[in-house]
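Residue strings, one per chain:
Protein chains: 2
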Amino acid sequence: MYREQIKVLDCTIRDGGLINKHDFDEKFVREVYKAVAQSGVDYMEIGYKNSRELFSSGEYGAWKFCDDEHIKRISDGVESNVKISVMVDIGRVNMDQIKPADQSPVDMIRCAAYVKDVDKVIAMANHFQEKGYETTINLMAVSRDRGPELDEALHQIEEEAKADVLYLVDSFGYFYQEQIEDLVKKYKAIAKSKEIGFHGHNNQQLAFSNTIEAIIHGANYLDATIYGIGQAAGNCPLELLVGFLKNPKFDVRPVLDVISKQFVPLREKIEWGYLIPYAIAGMMNEHPRAAMALREGEHKDDYREFYESIVDSGYGGK
Amino acid sequence: MYREQIKVLDCTIRDGGLINKHDFDEKFVREVYKAVAQSGVDYMEIGYKNSRELFSSGEYGAWKFCDDEHIKRISDGVESNVKISVMVDIGRVNMDQIKPADQSPVDMIRCAAYVKDVDKVIAMANHFQEKGYETTINLMAVSRDRGPELDEALHQIEEEAKADVLYLVDSFGYFYQEQIEDLVKKYKAIAKSKEIGFHGHNNQQLAFSNTIEAIIHGANYLDATIYGIGQAAGNCPLELLVGFLKNPKFDVRPVLDVISKQFVPLREKIEWGYLIPYAIAGMMNEHPRAAMALREGEHKDDYREFYESIVDSGYGGK
Numbered sequence: 098m099y100r101e102q103i104k105v106l107d108c109t110i111r112d113g114g115l116i117n118k119h120d121f122d123e124k125f126v127r128e129v130y131k132a133v134a135q136s137g138v139d140y141m142e143i144g145y146k147n148s149r150e151l152f153s154s155g156e157y158g159a160w161k162f163c164d165d166e167h168i169k170r171i172s173d174g175v176e177s178n179v180k181i182s183v184m185v186d187i188g189r190v191n192m193d194q195i196k197p198a199d200q201s202p203v204d205m206i207r208c209a210a211y212v213k214d215v216d217k218v219i220a221m222a223n224h225f226q227e228k229g230y231e232t233t234i235n236l237m238a239v240s241r242d243r244g245p246e247l248d249e250a251l252h253q254i255e256e257e258a259k260a261d262v263l264y265l266v267d268s269f270g271y272f273y274q275e276q277i278e279d280l281v282k283k284y285k286a287i288a289k290s291k292e293i294g295f296h297g298h299n300n301q302q303l304a305f306s307n308t309i310e311a312i313i314h315g316a317n318y319l320d321a322t323i324y325g326i327g328q329a330a331g332n333c334p335l336e337l338l339v340g341f342l343k344n345p346k347f348d349v350r351p352v353l354d355v356i357s358k359q360f361v362p363l364r365e366k367i368e369w370g371y372l373i374p375y376a377i378a379g380m381m382n383e384h385p386r387a388a389m390a391l392r393e394g395e396h397k398d399d400y401r402e403f404y405e406s407i408v409d410s411g412y413g414g415k
Numbered sequence: 098m099y100r101e102q103i104k105v106l107d108c109t110i111r112d113g114g115l116i117n118k119h120d121f122d123e124k125f126v127r128e129v130y131k132a133v134a135q136s137g138v139d140y141m142e143i144g145y146k147n148s149r150e151l152f153s154s155g156e157y158g159a160w161k162f163c164d165d166e167h168i169k170r171i172s173d174g175v176e177s178n179v180k181i182s183v184m185v186d187i188g189r190v191n192m193d194q195i196k197p198a199d200q201s202p203v204d205m206i207r208c209a210a211y212v213k214d215v216d217k218v219i220a221m222a223n224h225f226q227e228k229g230y231e232t233t234i235n236l237m238a239v240s241r242d243r244g245p246e247l248d249e250a251l252h253q254i255e256e257e258a259k260a261d262v263l264y265l266v267d268s269f270g271y272f273y274q275e276q277i278e279d280l281v282k283k284y285k286a287i288a289k290s291k292e293i294g295f296h297g298h299n300n301q302q303l304a305f306s307n308t309i310e311a312i313i314h315g316a317n318y319l320d321a322t323i324y325g326i327g328q329a330a331g332n333c334p335l336e337l338l339v340g341f342l343k344n345p346k347f348d349v350r351p352v353l354d355v356i357s358k359q360f361v362p363l364r365e366k367i368e369w370g371y372l373i374p375y376a377i378a379g380m381m382n383e384h385p386r387a388a389m390a391l392r393e394g395e396h397k398d399d400y401r402e403f404y405e406s407i408v409d410s411g412y413g414g415k
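Chains A and B are the protein sequences, given in the same order.
Residue 398 in this note's numbering sits at position 301 of the first sequence; the count goes up by one each step and never skips.
Residue 247 in this note's numbering sits at position 150 of the second sequence; the count goes up by one each step and never skips.
Hint data in this document are derived by calculation from the structure and do not stem from the laboratory.
Some hints here could point you the wrong way.
With a cut-off of at most 27 Å between alpha-carbon atoms, the simulated DSSO-like pairs for lysine-lysine come out as follows [as the list claims (entries may be wrong)]:
| hint | chain 1 | residue 1 | chain 2 | residue 2 |
| --- | --- | --- | --- | --- |
| 1 | B | 346 | B | 169 |
| 2 | A | 397 | B | 124 |
| 3 | A | 343 | B | 358 |
| 4 | A | 217 | A | 259 |
| 5 | A | 169 | A | 104 |
| 6 | B | 217 | B | 118 |
| 7 | B | 343 | A | 282 |
| 8 | B | 358 | A | 397 |
Start from the sequences, fold in the hints, and give me the full structure.
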């Protein structure tokens, strides 16, 4: 499907970093950067911009903080048109420490928040937009917040936020295509001045098809990760998305190459992707944290018992 | 999604048998049968009905032939409403050796063929329908045959075939939801008197979403396999489909149980599911045989080279 406005954002290192405390070594990140650049992908999200006052530098790797010098070290000398993105969460970043865009290797700052924090995320995104960054607002976990509070948040974003892009985020890998159609249409109808983005999770093997559905209904910013890496079930696989898009600038071969050389060996060491506990969490519209805890314990393959435990907990809200 | 007419067909042993020459032991097949029965699934397809004159009994397991006594041994004594299905291919079955339905443990015979063999498959399906079986016609690989030959075949099936169900089959895991919508609508418009079925392959992680899309547009016969087992990338995972359907007769827990106990260990021994060479074959609308050969050789993770080799072969038809 060819639509010139479509932008692909690779968030391999950012979402993948949630599995390994953002501790990818520089050689690995540089190989990913090269592959992303060569494949014609528009943005690479390299990590979170967190305050070092809140998180220990000893406990987390470089991509929890994304210092300018780290970003420069993985990108210097690589021929590239890729823009660099970082993600920020409400209350975890010291905004005053972020330099203006013209003094930074970062091009885009993506601001993530739950619907209830819409005021905070608008203020944060406006702050960064005024510093010269491209900004997005990523409303997380909306599968749990589809009442009037969602409509209100969307109206408020349209009226008050300077952000370029508003993302629909399927945090729990819960949605299927009819719900994506409905939501993308709603986002576009209310947030008329914004581009719409989509970020899926792959709990039920629906991240790629939901991304296609979002494209069909007009979303132009599309998140994906190499070999689907990401927290728990992971994300929409970049290789499938790039293989699907018809824009001549995209080339799937560099992505295939880096999967062979870097991601197949990595998958032997750390786990992500389709696993039954994550599928159960997705069906139940649940955060995968209980499933992730199960996979780290002794009973990691006791699926029926895990299912019953989720049902017994009243889907987390009885 | 609840629609009373929906029937789920588990083809774990039949499609899974393509990986191991149909050599599942009876205990394993009995465990699958129990799980399928307890989960409320409507049909279990247990293998192929092939002529022993054409295939060596030494080379292939029991489920290449599906003798009545084998079927009885895995089902006897299990409380069950599951109907038993077998698949037949053009030219591989001695039709005269198949007893009438009232003398057989088999309820349904599914007749698979390419579009070019539509005359043969109609004759075969009519033969079995006259013997008292439920029958289906499964037109394979239609992603390669979507010209006027497909319309003609569909008209001919509507006019001449006694089969109850006509299956749309995405043999190469090539389709995405817009194509499924288009084809299900076409099948229903032409084959007005038939129920429509869907059988997907999971090369691009689209088997489940394509099955949902087929449901949305009125397909009532849905194929799936436990843990997505099947040739190459496998099929729509039964656990996801049963988790999605709202019909109260379905229960996902027995499927989860048999995955824990039987399929997790089996997946350590034989390979199926999402792997890059199968994804490439799917994108290219190719039979997975080259990808399967790659996975059995020394260069099984040389994805870029495999991609180039498929491009160089002109998608198999230059």
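_Enumerated hints in conflict with the structure, sorted upward_ = Structure breaks hint 3 only.
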